[in-house]
Amino acid sequence: MKRSRQQVTQIPSISTRRSKGIQACTSCRKNKTRCEILDTTTSPVQCHRCKVIGIHCSYEETLAPTVPESPSPPAPITSANSSNIPDSSVRPRPDPYPSAMPPDTRIWQFVNEDRSETIDWSAPMLAIQNLARLPAVNPNFANLPSSSSLRETHLENILSLGQIQYLLELFDHKYSPWLNFKLIRHSNSGLLDTICCSVASRYLDMNCSAANPDLDVRLQVLTEDLVIKIIFNPRVSESVEAIQALLILSLWDPIGGPENEGRDGRVLLASAVSMAMNLRLNQASARAEALQKSSGLNGGYMAEADVVALNELLEHARLWVSLTNAESMLCIGTGRVPLSRRSPEDKKLIEFPESFVGLTDYRNLRLGLVSMQATTAEEGVALRIKAPSDIDGWYEQMTKNLESLKRGRRLLLPLPVILDHEQAYFHILHVYDGICRLLLLYHALREAKVAVGHIPAGEIWHRHFLPHGVPVIPEWGRDMIRTGEAILVYACQADADLLSTAPDVFFHMITLAASYVVGVKFLMYRKPGVVHPRGARHSAHKCALLINGMIAKWERRGTMDQRPVAPKYSTPSSSDSDGGSYAEGYYSNNSPLTSPPELDFSIFLNQMMGMDADFWKELQNQELDVGYQ
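Here UniProt numbering is used: the first residue of the sequence shown is 1, the next is one more, and so on.
The hints are all genuine.
Capping the alpha-carbon separation at 20 angstroms, the derived lysine to any residue pairs in SDA-like fashion look like this: (1) K30 / E447; (2) K32 / R446; (3) K174 / D495; (4) K406 / E351; (5) K30 / G335.
Just so you know, the hints here were simulated from the structure itself, not pulled from any lab data.
Use the sequences and the hints to build the structure in full.
As structure tokens, this is what we get:
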């Protein structure tokens, strides 16, 4: 053993792990993961994690690749001991495929070439939320007066009693149905009234805004002061009313003043969940069930006081389930795990009814559907591939979760048609159902990509991921496209007025679906050499060029000063020699297609996973299924 150790020390170490003196890269520090540099000879230098999942690494700007001092081979290959080393150990190590992939073949690269900071697309919903806070998509509030000059301590100092009553009724009519429980108010505190008026103030008419131009800002300042008191003095402020206030603010941001960058709906909701657990709201379902059982022992008779207590417990139980559902909505796709859990009694309270005969209150039904899909999605995104031997079992569990989401969608699908009221709310729930599936598929593809790891340069990574011998990645990719498009269809079909009152996170969901669909389109558009398999003379190819030319002409309609001149037709021989066509007069493969001039995509997205253009080309060459199933 001693002699063996001496032989090893004669060979210079070829390990390139990150030195302890070098700080971990930005992405690994942010995600609190292990950071290693396994190869410092390729350019740019990246840590192992960033290289495998295909994201930007801060080492690309801070570290330069190492270059051997001389062109001579390394010492282990030419030394006397090299004959004792197997040939496989001295073969050049192939570069991992993601590092050889051009930046413009990454799905999120279509608009973010000039951004100095990189968005971490391992948490796609969080990335969309951060992009929505960019200065280019937010109004300039530099001319607003300072908040200190607008600070008030009472709602009555900002709004008249008539305006307060109007906004409270408006909130109950337009926003309360999204909460799926009846707001619990107390007469000795105006906290909840202030929060509701602040959210509903966007509906004040223009005359009120003109008479009091700082009204929205003053409401927002008052709201922020109240939230600060609740957060920093939780024991003093702990109440059911404070829990409801934090829940509402986590779902709807007040509109009117400058956006508070420090406000995070997940943090507000975590505080609300902590308060609710201290007040034992998480036990309300169990206590209500016990009270109902005790009345059954008495022959079904329940005293008036017990009836009041039961109704209060049921509202507290709905409030708790609404908290858990809201936390699931805000945490999924952000990398944060919800703190709250649904008990068996909670699930029994909101289980899908066996019959709709006599059912007029649909709050529990909506709570149950959201809870069902959220629980399945959370279980799915928690699945990890820790070793190659786990792939088959991981695939089986992932397939089981995807099928569970299908069953939940089957229950939701007919409700917007068969119910006699509140159909539109169930229609918009299809957006949440779709985003649960999209994020679960997104997670599955990322896990598969990381599990494949290093492959020979030029090969396609998803051909190396075959659980039970099944090429599952192309089907999941097609499923993601169908799901993203279905989300957009449901959003376009929704009632515009009702959709405008949906929680803010619904718009982040729609944006993520739209950005994914657009990213796939850009990726396929940038892929060179994608032609019809039958060649340029095939009728389908020529008709496609003609249609593209017509669309391009329509999109340039604003720049046409006069009626276009009729094209000059040429003989087939001259057309073949010139290489031109009628469609090429209006359409060029090198020109952007549908980017409106008023949108600056350069401030948008960067990169997602290392899905290359060959992946999407293979999907294009396969028969695509239709429909959202």
